[in-house]
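Participant: Work out the full structure: start from the sequences and follow the hints.
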Amino acid sequence: MFFKTSDFNPSMLAKWALSLILPLGVYLLLPRDGSLSQPMMAFLAITLWAVCAWAMDTLNEIAVGILLPALYILFCGVGMKVVYSPWLSEVPIIVIGGFILGKIIQDTGLGKRIALGCVRAAGGSFAGALCGITLGAAIVSPLVPSIMGKAAIFCAVALSLCDALDFKPKSREATAVVLGTCLAVGSTKLCYLTGAADLTMGMGLADKIMGTQTTWMQYALHNFVPGMLYTAMSLAIVLLVLRSPVKKDVLRCVVQEKYRELGVMAPEQKRALALLVLTLALLATDSLHGISAGVVLVLVSVASFLPGVSLMDGPRVNKVNFAPLFFIMGCMCIGSAGGFLKVTDWLANLVLPLFSNMGPTVAGLCSYLVGFLSNFLLTPLAATSTLTSPITELGMDMGLDPRLLYYSFQYGLDNLLFPYEYALYLYFFSSGYINFKEMLLVMAIRIVMAGAFVAFVAVPYWRLVL
Numbered sequence: 000m001f002f003k004t005s006d007f008n009p010s011m012l013a014k015w016a017l018s019l020i021l022p023l024g025v026y027l028l029l030p031r032d033g034s035l036s037q038p039m040m041a042f043l044a045i046t047l048w049a050v051c052a053w054a055m056d057t058l059n060e061i062a063v064g065i066l067l068p069a070l071y072i073l074f075c076g077v078g079m080k081v082v083y084s085p086w087l088s089e090v091p092i093i094v095i096g097g098f099i100l101g102k103i104i105q106d107t108g109l110g111k112r113i114a115l116g117c118v119r120a121a122g123g124s125f126a127g128a129l130c131g132i133t134l135g136a137a138i139v140s141p142l143v144p145s146i147m148g149k150a151a152i153f154c155a156v157a158l159s160l161c162d163a164l165d166f167k168p169k170s171r172e173a174t175a176v177v178l179g180t181c182l183a184v185g186s187t188k189l190c191y192l193t194g195a196a197d198l199t200m201g202m203g204l205a206d207k208i209m210g211t212q213t214t215w216m217q218y219a220l221h222n223f224v225p226g227m228l229y230t231a232m233s234l235a236i237v238l239l240v241l242r243s244p245v246k247k248d249v250l251r252c253v254v255q256e257k258y259r260e261l262g263v264m265a266p267e268q269k270r271a272l273a274l275l276v277l278t279l280a281l282l283a284t285d286s287l288h289g290i291s292a293g294v295v296l297v298l299v300s301v302a303s304f305l306p307g308v309s310l311m312d313g314p315r316v317n318k319v320n321f322a323p324l325f326f327i328m329g330c331m332c333i334g335s336a337g338g339f340l341k342v343t344d345w346l347a348n349l350v351l352p353l354f355s356n357m358g359p360t361v362a363g364l365c366s367y368l369v370g371f372l373s374n375f376l377l378t379p380l381a382a383t384s385t386l387t388s389p390i391t392e393l394g395m396d397m398g399l400d401p402r403l404l405y406y407s408f409q410y411g412l413d414n415l416l417f418p419y420e421y422a423l424y425l426y427f428f429s430s431g432y433i434n435f436k437e438m439l440l441v442m443a444i445r446i447v448m449a450g451a452f453v454a455f456v457a458v459p460y461w462r463l464v465l
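The letter at position 142 of the sequence shown is residue 141 when you use numbering that gives the first Met the number 0, and the numbering goes up by one with no holes.
No lab work stands behind these hints, which were simulated from the structure alone. Please read all numbers here as calculations on a predicted model, not as lab measurements. One or more of the hints may lead you astray.
When the alpha-carbon atoms are kept at most 30 Å apart in a straight line, the in silico BS3-like pairs for lysine-lysine are as follows [what the hints assert, rightly or not]:
no., residue 1, residue 2
1, K80, K341
2, K318, K269
3, K169, K257
4, K341, K207
5, K436, K14
6, K207, K80
7, K436, K169
8, K167, K257
9, K3, K14
Pair ranges (Cβ atoms, derived) [claimed, not checked]:
no., residue 1, residue 2, range
10, K318, P9, 34 to 42 Å
11, G431, K3, 27 to 35 Å
12, V25, V224, 38 to 46 Å
13, Y258, M227, 23 to 31 Å
14, L21, N59, 15 to 23 Å
15, L228, L21, 35 to 43 Å
16, V263, R171, 34 to 42 Å
17, G358, M448, 20 to 28 Å
18, A235, N59, 35 to 43 Å
19, M227, N8, 43 to 51 Å
20, K3, M55, 17 to 25 Å
21, L349, G210, 21 to 29 Å
Glycine included, every Cβ here is placed at the ideal spot set by N, Cα and C.
Facilitator: This is how it looks when you write it as structure tokens:
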């Protein structure tokens with residue numbers, strides 16, 4: 000038979016039917032009172048189909064990202080210059096440079112050395128080990144924009160620590176180590192513009208509407224302090240909820256042995272470290288030299304190919320997975336097409352009355368809740384690309400600095416209950432070391448605490464610095 004019939008199982012057919020019926024139903028039920036044009040309704044239906052495809056896994060996420068611009072051109076009357084305009088932004092070169100740097104850190108073993116070194120430096124206690132891993136995540140976070148690249152590095156370290164200490168999978172100790180590491184990777188990303196691709200993309204969308212250009216250092220000024228406090232809060236929740244009686248002397252010996260196994264720093268690791276220090280220095284001083292983060296990452300990535308550096312070559316770069324770039328840019332075209340069709344204006348007008356009488360604190364908390372609720376249906380990238388524009392316009396209409404709402408929204412996206420909501424958590428959970436019930440308890444407490452943190456710590460801080 001021409002088709003591969005084994006693909007057509009009842010579950011897959013049901014998912015395909017639901018992913019097509021829902022957008023069609025929404026299209027037919029949308030109001031025909033003149034507030035929405037035909038292209039706007041088609042845009043909403045197509046975007047909902049993409050969300051369903053991502054959530055139900057009916058079609059590969061990269062394929063959906065490639066297809067979206069074409070669907071907007073065909074059914075919404077949006078021009079190619081509009082849907083492909085995100086490719087002319089800084090986002091794609093930041094993603095490309097970040098993927099290359101992440102590959103260098105992984106292949107040279109530098110990431111594992113940094114992580115274990117931080118655990119070793121933090122002392123031999125159980126809390127010290129988690130603090131050390133968190134410190135390592137904070138150091139690596141701005142240098143590796145790929146969140147999954149960081150996940151691969153730190154998950155390996157966490158699992159090695161569990162195995163060395165004989166922490167059984169799904170035990171309280173193993174859950175604390177692996178979940179704590181996952182939270183460290185996820186929360187430290189909020190400190191930096193290059194912490195994850197969705198942050199870079201979202202800030203680009205917000206800047207486009209505001210007519211501004213947020214530099215790497217400006218973003219760090221706005222978010223490093225609250226981000227690190229939020230990370231410390233997340234770590235404290237894990238340590239308090241999942242207390243461990245592991246002995247300090249035993250842990251110290253294991254960490255020392257693991258670090259000793261790394262041996263002396265290889266010349267390749269030294270060159271990689273020098274390159275990463277240079278990258279961080281250039282990113283931190285962008286306001287002085289005027290070179291944007293994207294250009295810095297491109298220059299550093301190309302420098303890794305130079306004779307004498309030799310951290311990258313043809314065979315190595317062929318192993319870098321650039322495919323997620325098409326997913327990211329597909330998500331971004333949602334914002335550009337929606338803005339062109341004025342869908343973002345319509346959404347802002349729909350939500351604005353609900354926010355109209357709110358002060359900055361309540362508005363920030365509501366934006367946080369929007370991000371949290373979005374996780375149930377959207378990936379962080381899809382939610383960022385879909386909702387950043389209306390949230391930014393909403394802030395401008397309310398007379399607030401829109402970044403206050405955008406930053407609060409990102410904190411909401413970082414809080415979830417179930418692993419399926421975010422690939423980062425799914426990656427760590429799939430290791431088999433995390434007890435789901437204990438994870439659910441930690442995440443539920445964190446959601447409540449994070450909401451209070453945004454309202455009473457982060458928002459007042461942002462009002463001071465914005």
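Participant: State for each hint whether it applies.
Facilitator: Now the hints, each set against the structure:
1. About 16 Å separates the Cα atoms of K80 and K341, which keeps this hinted pair within 30 Å; it holds.
2. Distance check on the hinted pair: K318 and K269 sit about 22 Å apart at the alpha-carbon level, within 30 Å; holds.
3. The straight-line distance between the Cα atoms of K169 and K257 is roughly 22 Å, inside the 30 Å bound, and the hint therefore holds.
4. Among the hinted pairs, K341 with K207 is consistent with the structure: their alpha-carbon atoms are about 15 Å apart, no more than 30 Å.
5. With a C-alpha separation of about 27 Å, the suggested pairing of K436 with K14 holds against the 30 Å cut-off.
6. About 16 Å separates the Cα atoms of K207 and K80, which keeps this hinted pair within 30 Å; it holds.
7. Proposed proximity of K436 and K169 is supported: the alpha carbons are some 10 Å apart, at most 30 Å.
8. Between the alpha carbons of K167 and K257 the distance comes to roughly 18 Å, so the proposed pair stays at or under 30 Å and holds.
9. This hinted pair checks out: K3 and K14 have alpha carbons roughly 18 Å apart, not beyond 30 Å.
10. The supplied range of 34 to 42 Å is met by K318 and P9, whose beta-carbon atoms lie about 38 Å from each other.
11. For the pair G431 and K3, the beta carbons lie near 30 Å from each other, so the given range of 27 to 35 Å is met.
12. Restraint check, V25 to V224: a C-beta distance of roughly 42 Å satisfies the suggested window 38 to 46 Å.
13. In this structure, Y258 and M227 meet the distance hint of 23 to 31 Å, their C-beta atoms being roughly 25 Å apart.
14. At roughly 19 Å, the beta-carbon separation of L21 and N59 lies within the given 15 to 23 Å, and the hint holds.
15. Remark: the range hint 35 to 43 Å for L228 to L21 is upheld by a beta-carbon distance near 40 Å.
16. A hinted range of 34 to 42 Å for the beta carbons of V263 and R171 is consistent with their spacing of about 36 Å.
17. G358 and M448 have their C-beta atoms about 21 Å apart, which keeps the hinted 20 to 28 Å range intact.
18. Checked against the given bound of 35 to 43 Å, the beta carbons of A235 and N59, roughly 39 Å apart, stay inside it.
19. In this structure the hint that M227 and N8 lie 43 to 51 Å apart at CB holds, the actual value being about 47 Å.
20. Checking the proposed 17 to 25 Å range against K3 and M55 shows it holds: the Cβ atoms sit about 19 Å from each other.
21. At roughly 24 Å, the beta carbons of L349 and G210 sit within the given window of 21 to 29 Å.
Violated hints for the displayed structure: none, as all numbered hints are satisfied.
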